[in-house]
Each structure stands twice: as structure tokens, then as C-alpha cells.
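All chains should be built: construct the whole structure from the sequences, respecting the hints.
Protein chains: 2
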Amino acid sequence: MIMKALKRGETLETGDGRGIPGPDVTKGERTRVRILDEAAALASEGGIGAVTLGPLADRLGMSKSGLFAHFKSKEALQVEVLVRAAERFTEVVIEPIREEKDKAKRLGLFFNNWLGWIEHPSLGSGRGGCPILSAHFEFDDVPGPVREQAANHNAQLYALMRRLVYVALPQADEKAMVAAIDGLALSHLLRFRLMRDPAARKDTMHAFEALMKNPPLKVA
Amino acid sequence: MIMKALKRGETLETGDGRGIPGPDVTKGERTRVRILDEAAALASEGGIGAVTLGPLADRLGMSKSGLFAHFKSKEALQVEVLVRAAERFTEVVIEPIREEKDKAKRLGLFFNNWLGWIEHPSLGSGRGGCPILSAHFEFDDVPGPVREQAANHNAQLYALMRRLVYVALPQADEKAMVAAIDGLALSHLLRFRLMRDPAARKDTMHAFEALMKNPPLKVA
DNA sequence: TAATAAAACGAACGGTCGTGCTATTAATCG
DNA sequence: CGATTAATAGCACGACCGTTCGTTTTATTA
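Chain order of the listed sequences is A and B. Note that the numbering used here has the first sequence beginning at 1, numbered continuously upward. Note that the numbering used here has the second sequence beginning at 1, numbered continuously upward.
Errors might be hidden in some of the hints.
If chains are identical, the list can't say which one is meant, so a pair holds when it fits in one copy or spans any two.
To be verified - Within a straight-line C-alpha distance of at most 30 angstroms, the following computed DSSO-like cross-link-like pairs (lysine-lysine) qualify:
| no. | residue 1 | residue 2 |
| --- | --- | --- |
| 1 | Lys-202 | Lys-105 |
| 2 | Lys-101 | Lys-72 |
| 3 | Lys-213 | Lys-27 |
| 4 | Lys-218 | Lys-64 |
| 5 | Lys-64 | Lys-213 |
| 6 | Lys-218 | Lys-202 |
| 7 | Lys-213 | Lys-105 |
| 8 | Lys-27 | Lys-72 |
| 9 | Lys-64 | Lys-74 |
| 10 | Lys-74 | Lys-103 |
| 11 | Lys-103 | Lys-202 |
| 12 | Lys-101 | Lys-213 |
| 13 | Lys-213 | Lys-202 |
| 14 | Lys-218 | Lys-105 |
| 15 | Lys-27 | Lys-74 |
| 16 | Lys-101 | Lys-218 |
| 17 | Lys-213 | Lys-103 |
| 18 | Lys-218 | Lys-74 |
These aren't lab readings, by the way, just hints derived from the structure by calculation.
Written out as C-alpha cells, the structure is:
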């Protein structure tokens, strides 16, 4: 397999959305990504609040100070972890639905991908839950840049969902519908992770299908 | 107003569910309740993880060690905070619905009370959100007694909701219905607290009414 | 390869955390 | 009241936190 040499700053797209940094990317850039991925895995298990420098450095086999030098503060690191997780979310949950040519079917596909992400977020070695949703509840009342980033990501997600709803069910009230769908995803997270209910997915899908069949309608 | 003297261990029911400890209750018992209430207020603002001995002692105007002496460990304190919050939840959200004699209407009443609690949980001086739901997402992947307590409380809540659903809509699939209702409450929390959407309640109620009109049905 | 810049390290800092002790004060009861 | 017990304070500890700094190692480039 012949490939042209990568110049600095280029990345080899691998299709899984992760990308392999080219050899001429500065070393700092490479470890920076390593740090963010491992931090996301950590956040996946114990929430953003669990992203702490000591344990993170241990996992990466490097020193606290060496790690810290990549970021201006711990808060900045936490924000970047959320950004990175949001990128992965886009790649795993959102991007793939564009392959469905029947646009009306995209909403169902999106919801399905989302449930998959909630059950198994593709974040490094983490076997835990989605750090984005955790952050939403962890920081919903804590002012600061983390809260802003969380709210910002959620706003984008809501906007996307409203568009998907409008295309799939033009007669439905978009905002009420988004509330219902978002809610089903959140409740699924609880029943799957906290309650460990083996029937969680079945129940979620049953409710979702009923919702699609009889959505809240626009008010006249 | 004449009242009989309270014996030790008795509490004067005030109707607001809080109760005034009788004068013969040991002082330790009284401050213990004070601690739990203030801790719940703290948890309300920054999650259970924010219930930390130093700041809590400051708020109460007492020493860290004096406070700590009331509990075997910080973890035990956190669990008791959740228990206390769950008690208040029962008093504020669940108990009042028994006054509705038309049992079919109780589900709607419950949901309404729940939204009120989510917007303004009656927990001491805290102006933040519901510490129970925060704990669900904060500890859904963190093993330990806090997680167990959270899961336990949620299980009871789900059981109650299933019963309410069965009475109100016998033809509905209880578990799917619970998923949808639970989800609407969770999503409401996000739209109300994180997004600060002034229309949150309207959208939530719209979706809820559509759900009541066309619930997911039992499978044959 | 030598010169230069980037990255990682090790040690230390002030601070806060949870948790033991011992002494002291306050509540309770005979 | 005085005697006894419960409640609180004061203090110290070891661990970990985020952060800084000066040094050393490793990449990069000329």
C-alpha cells in the first residue's frame, strides 16, 4: 500500500472519523489528541468532574506537569474534552444519517444511532456513559465556560432535531416533538445505565414508534 | 393555640411536611436535620459531589469536626442527603395527589407536581435543581452506596408511575408509558435549567397531552 | 551534525479534602 | 443542684488537588 508522505498538519482520514495524524504533525499536537481522548474516556466513567490531572497523567504514562503544559487551565481542558466528545458524537451519530436518501426516514435513523451512542459511546477505552449528557446535568446550575459549552452543544442538537422533525412530520409541533424525543433518549440512559433494565431498548422503541404515529400536532 | 407538650422523639406536624422537632428531641437530632437540609440545598446547586464538609460547616456556622461527628463517613452523609431529598419529594410531589378522588386524574396531577418540583425543589435555601436527578446521572456508572440509593429511589418511582398509568390508561403499555413520562420530566429539566427556555413548560405540557391522548398501547 | 525550539520532567507551593484524636462546653437527667 | 452523657470545637494528619518553575530530554530544522 503506497501512500504519499503526509506534510505537517495533514491527517490521514481513516473513515472511522478518528484520523491518524501524519508523521510531520508536531509531536505536541499528537499527544494533545491522545490526552483529549483519554480524558474523554475518563469523563465517560465518572463525569467531567472526574477529569483530574493526576490520574489522567498516570493513565497516559506521563507527568502531571508535562500534561498540564498543553492547556492553560483545568477548566480549559474540561471544555476541550467536551468539544472533542461532541466531535465524535457528530461523526458517530449525525454524519451517517446523510447516507439515507429518503429524508423522512432520517429522524428514525438519528434516534437509533443516538441510542447506540448512549449505550456504547465510542470514546477511547472508556466503558462508561456519554460525558456530554452527564455534563448537562452536572453543570446545569454551575456558571462558567463548561456550562456554556454544554448549553451551546445542546442548542445545536435541538436545532438539528427540529429540522429532522419538520422533514419527517411536517404537521407535528417541532418543539414539543423535540422535547419528547430528547426525553426518550435521556430516560433510556437512566433505564439502561442506572437501572440496568434489559428491556430498556424495547420500551424506548415502543414509545418512540407510538410517538411517531401520533405526534403532538401544531396548534392552529 | 394550646398544644400538648411534645415528648422526646415526637415531631409537630406542620403540614408543609417539614415538621418541627419537639423540644424534647435531643439536640443532636435537631442539628442533624439542620445539617441534612443545608446539605440538600448545597447538593441542589452543585450536585451531590459538591456536598463537602468544609463549606457545609461554614454555612451552618459550625466546625468541620463537629459536623462530621454526626456521620460515619462522607459517603454516608451523601446517602442520607439523598434519602432526605427523597422524603421531601414524596411529601411535595406524591402525597398531595391522594387528595384527588378521581384516581384516573392522579397521573396528570403527579406529572404537574413533578414539573413544579423540577423547577423549584423545596429544599432549604437552595435555589438550584433536583439533587436526586443530578445524582442519577452523576453516579450512573460509579459503583457504591450512593448509586444503589439512587437506583433504589428510581425503582420506587417507576413502580408508582406504572400504577398511576394503569389506573389512568388501562390499555396503555405501562413500561413504554413510564419511559415517555420520565423522559419528558428529564428533558424539561434540561430545557428549563440548562437552556433557560421560557417556553419549556408549554412544550412539555403539549407533548404530555399528546402522549395521554395517544399512548403506546399494550402489545397483543 | 550543530543550533535551536518544543516537550516533558521532577520537585515544590498553597489549598482543600476527609478523617482521626483530645479537650471543652452544653444538654440532659436523677 | 450536681453528676453524667451528648455535642461541639480545636488541632493535626496524610492524601490529593491545580499550578508554577527551573531543568533536562527530545524533536525539529539549518
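Here is how each hint holds up against the structure:
In this homomeric assembly, Lys-202 and Lys-105 come within 30 angstroms of each other (Cα to Cα) both inside a single copy, at 20 angstroms, and across copies, at 27 angstroms. When the C-alpha separation of Lys-101 and Lys-72 is checked against a cutoff of 30 angstroms, the pair qualifies neither within a copy, at 44 angstroms, nor between copies, at 60 angstroms. For the identical chains of this complex, Lys-213 and Lys-27 are neighbours neither inside a copy (53 angstroms) nor across copies (59 angstroms), given an alpha-carbon limit of 30 angstroms. For the identical chains of this complex, Lys-218 and Lys-64 are neighbours neither inside a copy (54 angstroms) nor across copies (56 angstroms), given an alpha-carbon limit of 30 angstroms.
When the C-alpha separation of Lys-64 and Lys-213 is checked against a cutoff of 30 angstroms, the pair qualifies neither within a copy, at 54 angstroms, nor between copies, at 57 angstroms. For the identical chains of this complex, Lys-218 and Lys-202 are neighbours both inside a copy (28 angstroms) and across copies (13 angstroms), given an alpha-carbon limit of 30 angstroms. With identical chains, the CA atoms of Lys-213 and Lys-105 are at most 30 angstroms apart both within one copy (13 angstroms) and between copies (25 angstroms). Taking the closest pair of Cα atoms, Lys-27 and Lys-72 come within 30 angstroms of each other only inside a single copy of the chain (18 angstroms); across copies the shortest separation is 49 angstroms, beyond that limit.
Proximity of Lys-64 and Lys-74 under a CA criterion of 30 angstroms is satisfied in both settings, with 12 angstroms inside one chain copy and 27 angstroms between copies. In this assembly of identical chains, Lys-74 and Lys-103 lie within 30 angstroms of each other by CA distance neither inside one copy nor across copies; the values are 41 angstroms within and 52 angstroms between. In this assembly of identical chains, the alpha carbons of Lys-103 and Lys-202 lie at most 30 angstroms apart whether taken from the same copy (25 angstroms) or from different copies (28 angstroms). Proximity of Lys-101 to Lys-213 under the C-alpha cut-off of 30 angstroms is restricted to the intra-copy arrangement: shortest distance 21 angstroms within a copy versus 33 angstroms between copies.
Proximity of Lys-213 and Lys-202 under a CA criterion of 30 angstroms is satisfied in both settings, with 17 angstroms inside one chain copy and 21 angstroms between copies. Both within a single protomer and between protomers do Lys-218 and Lys-105 lie at most 30 angstroms apart by alpha-carbon distance, with minima of 20 angstroms and 25 angstroms respectively. Only within a single protomer do Lys-27 and Lys-74 lie at most 30 angstroms apart by alpha-carbon distance; the minimum there is 21 angstroms, versus 43 angstroms between protomers. Taking identical chains as interchangeable, the C-alpha atoms of Lys-101 and Lys-218 lie at most 30 angstroms apart only when both belong to the same chain, with a minimum of 26 angstroms there against 33 angstroms between chains.
Taking the shortest alpha-carbon separations for Lys-213 and Lys-103, both the intra-copy value of 17 angstroms and the inter-copy value of 28 angstroms come in at or below 30 angstroms. Taking identical chains as interchangeable, the C-alpha atoms of Lys-218 and Lys-74 are never at most 30 angstroms apart, the minima being 45 angstroms within one chain and 50 angstroms between chains.
When held up to the earlier numbered hints, the structure conflicts with 2, 3, 4, 5, 10 and 18 and fits the remainder.
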